[in-house]
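Residue numbers (our numbering), protein chains in the order written: chain A, 13 to 348; chain B, 13 to 348; chain C, 13 to 348; chain D, 13 to 348.
You may find that some hints are simply not true.
Per label pair, the in silico range of CB-to-CB distance [claimed, not checked]:
hint	chain 1	residue 1	chain 2	residue 2	range
1	A	35	C	125	18 to 28 Å
2	D	217	A	95	31 to 41 Å
3	D	134	C	52	39 to 49 Å
4	B	231	C	266	33 to 43 Å
5	B	51	D	65	51 to 61 Å
6	A	124	B	71	35 to 45 Å
7	C	125	B	288	55 to 65 Å
8	B	91	C	344	42 to 52 Å
9	B	229	C	270	29 to 39 Å
10	D	95	C	125	44 to 54 Å
11	A	342	C	344	23 to 33 Å
12	B	231	C	120	38 to 48 Å
Rather than coming from a laboratory, the hints here were simulated on the basis of the structure. Ideal Cβ positions, reconstructed from N, Cα and C, are used throughout, including at glycine.
Protein chains: 4
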Amino acid sequence: MIRAGIFGATGYTGYELVKILQQHPQIVTAFATSQSFAGQHLSDVYPQAPHLPLILGENAPFDTVDVVFLCLPHAAAAETAVLALAAGVIVIDLSADFRLKDADTYASWYDKTHPAPHLLAEAVYGLTEFARDWLPGAKLVATPGCYPTSILLPLRPLLTSNLPITGPIIADSKSGISGAGRTPRQNTHFVEAHNNFSPYKIGRSHRHLPEIEQVMSWFREDAPTLIFSPHLLPVERGILSTIYVNFAKPVTLEEIRPYFTKMYSHEPFVCLLPDGELATLAHVTHSNKCVIGLTMANETTLVITSAIDNLVKGAAGQAVQNMNVVFGLEESLGLI
Amino acid sequence: MIRAGIFGATGYTGYELVKILQQHPQIVTAFATSQSFAGQHLSDVYPQAPHLPLILGENAPFDTVDVVFLCLPHAAAAETAVLALAAGVIVIDLSADFRLKDADTYASWYDKTHPAPHLLAEAVYGLTEFARDWLPGAKLVATPGCYPTSILLPLRPLLTSNLPITGPIIADSKSGISGAGRTPRQNTHFVEAHNNFSPYKIGRSHRHLPEIEQVMSWFREDAPTLIFSPHLLPVERGILSTIYVNFAKPVTLEEIRPYFTKMYSHEPFVCLLPDGELATLAHVTHSNKCVIGLTMANETTLVITSAIDNLVKGAAGQAVQNMNVVFGLEESLGLI
Amino acid sequence: MIRAGIFGATGYTGYELVKILQQHPQIVTAFATSQSFAGQHLSDVYPQAPHLPLILGENAPFDTVDVVFLCLPHAAAAETAVLALAAGVIVIDLSADFRLKDADTYASWYDKTHPAPHLLAEAVYGLTEFARDWLPGAKLVATPGCYPTSILLPLRPLLTSNLPITGPIIADSKSGISGAGRTPRQNTHFVEAHNNFSPYKIGRSHRHLPEIEQVMSWFREDAPTLIFSPHLLPVERGILSTIYVNFAKPVTLEEIRPYFTKMYSHEPFVCLLPDGELATLAHVTHSNKCVIGLTMANETTLVITSAIDNLVKGAAGQAVQNMNVVFGLEESLGLI
Amino acid sequence: MIRAGIFGATGYTGYELVKILQQHPQIVTAFATSQSFAGQHLSDVYPQAPHLPLILGENAPFDTVDVVFLCLPHAAAAETAVLALAAGVIVIDLSADFRLKDADTYASWYDKTHPAPHLLAEAVYGLTEFARDWLPGAKLVATPGCYPTSILLPLRPLLTSNLPITGPIIADSKSGISGAGRTPRQNTHFVEAHNNFSPYKIGRSHRHLPEIEQVMSWFREDAPTLIFSPHLLPVERGILSTIYVNFAKPVTLEEIRPYFTKMYSHEPFVCLLPDGELATLAHVTHSNKCVIGLTMANETTLVITSAIDNLVKGAAGQAVQNMNVVFGLEESLGLI
């Protein structure tokens, strides 16, 4: 049995992780931390949660675990990662700290000097389907952001193809409110959110933009730029990204689809819809799947609909998927 | 034109009041206060609100107004009322400060010594349909609580009748989340509230209990006690109270209904449903109505369904209704 | 492996059953029927469902199964049960057809002559915690209604005690909209239901009333009558019943609680909350639990809050729990 | 007083129209029709509606009215329009029947031969801010579709400018569920819609596409094509369109904004947000406003956020706005 510690177990991502690990046949949860609820149990925070004691992060016994999952704010995650790695513990980070390879880019988007820039090169960007070759034996894995997962998975077959993509790619994304975190704020108040729908940080201003463009550039050296428009959606969970990709000359779905099927038809967690079907949240909530629909809007514009559960494939589920690969376990263990 | 000042304009009740006064042909809003948003405009807080400047409560110019509406936390409201009355301004209070006639009861339920106990006797409890004779010319009006309004209006014809009511009356009430106020808290977070439904402070522990029982005793000297079970309902606004009243001997709707029709058939804001129909939130949201349905469950138990909009008849609407009567205006002005 | 057939797999209860059986280690689903979608697959109806072919009920091969689950309209269920029993197949019925022991009562509440009155005596009323002794080896099990489950489980320790219960018991129940079934109707239209909350068939007019009173009379010969007020709640799933029980003389929680702990402290699916805590939907959604809170409103009135998931413990979950006991399996198999 | 008749008063659009006309000081509603509820009253369908008798459309007394509003299915609307015009009654149509100028285009998108092609040239396309010069004295007005209104109002200043727009324009639109109509369907069932978000008919397949492109071509002869992606949003009302416009060379907001301010700064119902602000549903629900935000995503791509209430500016409100202009009344009468 692999022994795991969870940092930040009381946030929405942390609790989702606890639930997944409870179902996982090869994992035992050794400890869980919470700065706000230390001394209480997870069941005091979520009525259906297990009776797991919550300790302060600084009291975490690294010597009792093989792996830690970090569901912490940025910067705090990197600081904890340093301690864990020093103690010989594998780190699956769910924060933004190790997603960007460049410390300056990190500093300019996250308003902090990176606490551990020496680890950036080593960290594996854990978009599992893409990172599978680098994950086995990795010491530090950066779990991708929720929006990036929904956008990068469908862009990967296109950008790694020789299809003549042109102009900016547009990702119009809509996320359930759990993506905004558990701390009560005005915009997540039920009364403000319930009958509302609102865009925020559209264009090139959301922190997930540099992350997505970084990985797009790995897929294709001269990848187009991205225009990214996130919206807050009055549901608990789920992301739907509607993505617009232009081609320099007419192409058909018959030409495009093989790149997707070749890359994903054997994947347990990527589901390609038949022609004419569109991805919806109902396809993915509470699952680790990314469901993708392909539609030609005209001869040169492809519209992709891509859906994930932001808390599962967009966070805790993909983290466990990564852990499974790191430890050489069956990749879908605990996730189906 | 009557000149009004609004204290606490940025809470849900305060903003509802602003919207009602905007439609009112005899009122001009002279100032609006906010402790958190002073210096900004109401339209900075609510995108559809008028461009009303917000000032600090301590800077309110009492000499520019005839009446003030207090949408303030308890105790703060009483302190402001003292100042307003000293300045010769009529006070329509929407807080709990002047609802209870007994300062000790207030202290035990609201955890504060009453700031102005000498005003308690003078304050008119503004359940308008009941208080109409005392309102004209009143200096200080206490607008009833939202739950009390939904419960007291239908109980009034029964308790003032000679029907032999027995045993505790049970009010099982369900309120939309705006009733919990605008300050973000964990239980009003969209993710926690959206797929949930939860009772709270049931039995005899909610602060509205002593208020309701006080008024029940005005209706009938030996009124039965109340069991009161509030629940938090995942809608923006509205209260539905399902009320169970037992009789010491068999009675029929034919005997009961005349007490209701005699008291309410000419009321503009109390609507009696025909036999067999039940009140729902859809009957009342965004209106100043209280809609009442009467159903015999058996020979001796009456089930009342009573619905109001907690922000209108349960707060800002009834406050304006009271003001209309105080100033001798048409009671429904600005409210239909 | 036990082979199961599911009749009516495309309704909300049927699909919930399919999902539970998928997780069940001892069950294989041999066939699933649907009158509306025969010829298609379950995944055509629910995007996350397994690719299960749907056949017409009249084509169901009884010889391929050990047990059938009937998620059918009333009357249709009884007719299918007759065929199944004749073929030697065990029947777990989720309809109302075998819940009432008296065919005349059935006829008067369900507007049909019972299609198989000779089976009523034999059918086991599968409130599992109560029926455990009669279930092993049963041929025909009637799964209780959703409201009855939420009301009967907490009433059982009281009614089988010698506590002096008096007067009618009141159950004020609130149900998520999946309880109204999958067929689109005006009252389940999103726009009508989303900002609404509505009582219906209150008093003594809902079909679950005779079922609840029948079982109450099994618990205590001279059980009090029930007043039952169902309400439609704008959430997908979950029932909360707030239940009011009066005693003929003062009692304390210290006297009442032992009857609950003795009966339920070892039950895997009944959860008693500590004093002062109240059951909410968040305690139970997507689980087979019934969570019960006990609060004294005054010396002689107990308020019970009781929560279940209407589709799980209120339907498909309890059906599988019953099947487990019938076949001598671990009772919680596939349900935790 | 102008006398109006309403055809199809019980749909969501029809009822919204009734509510607006009730507030209108110059209109009296002479009759209202409903095929499904004839013989009943509107208050039997909507509990807060006026006690308006509903008659069959074929019994409508045209001689008692000056104007009719048609909230009917397509084709039925055109047939009624012919009768009304023959009776000398002005027609404000809210259906799709007179929006497209070309009968063949109509036939190919609406699967019907147009019932009155001779009227197409005469009908005024009532995007009020655009059509103001043609409306006074018009006999037949086609109220634009809800999506088209949200897209065409912000595109108008751009397309009528000399800015070098290139490539397809993309409109990613999200609509509340009232847009799908009142007839219960599976996709509008509360349980299916409440936790879901789903695209439909994306690309170039929605019936509003030819309507939008027709008007775009009026604004600019060589207007680019449109890619249009509608999505179903789990709120009652409101449309948010996120629109992407590319320019052939770099432009700035300072160059773009004047076209908007010149065209709209004096409009009562078009509201331009300051730089950096984004339109949300909270800006517009229950109002006749179109709120527009402008954001440059990069040097050559403008992102427009445009919000309306689909039932008001997207239907009944704009219909009344048009009627006001037709009859020479103050344009905002009954709408503020």
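- Please name the hints from earlier in the document that this structure breaks, with their numbers sorted from lowest to highest. 1, 2, 7 and 8
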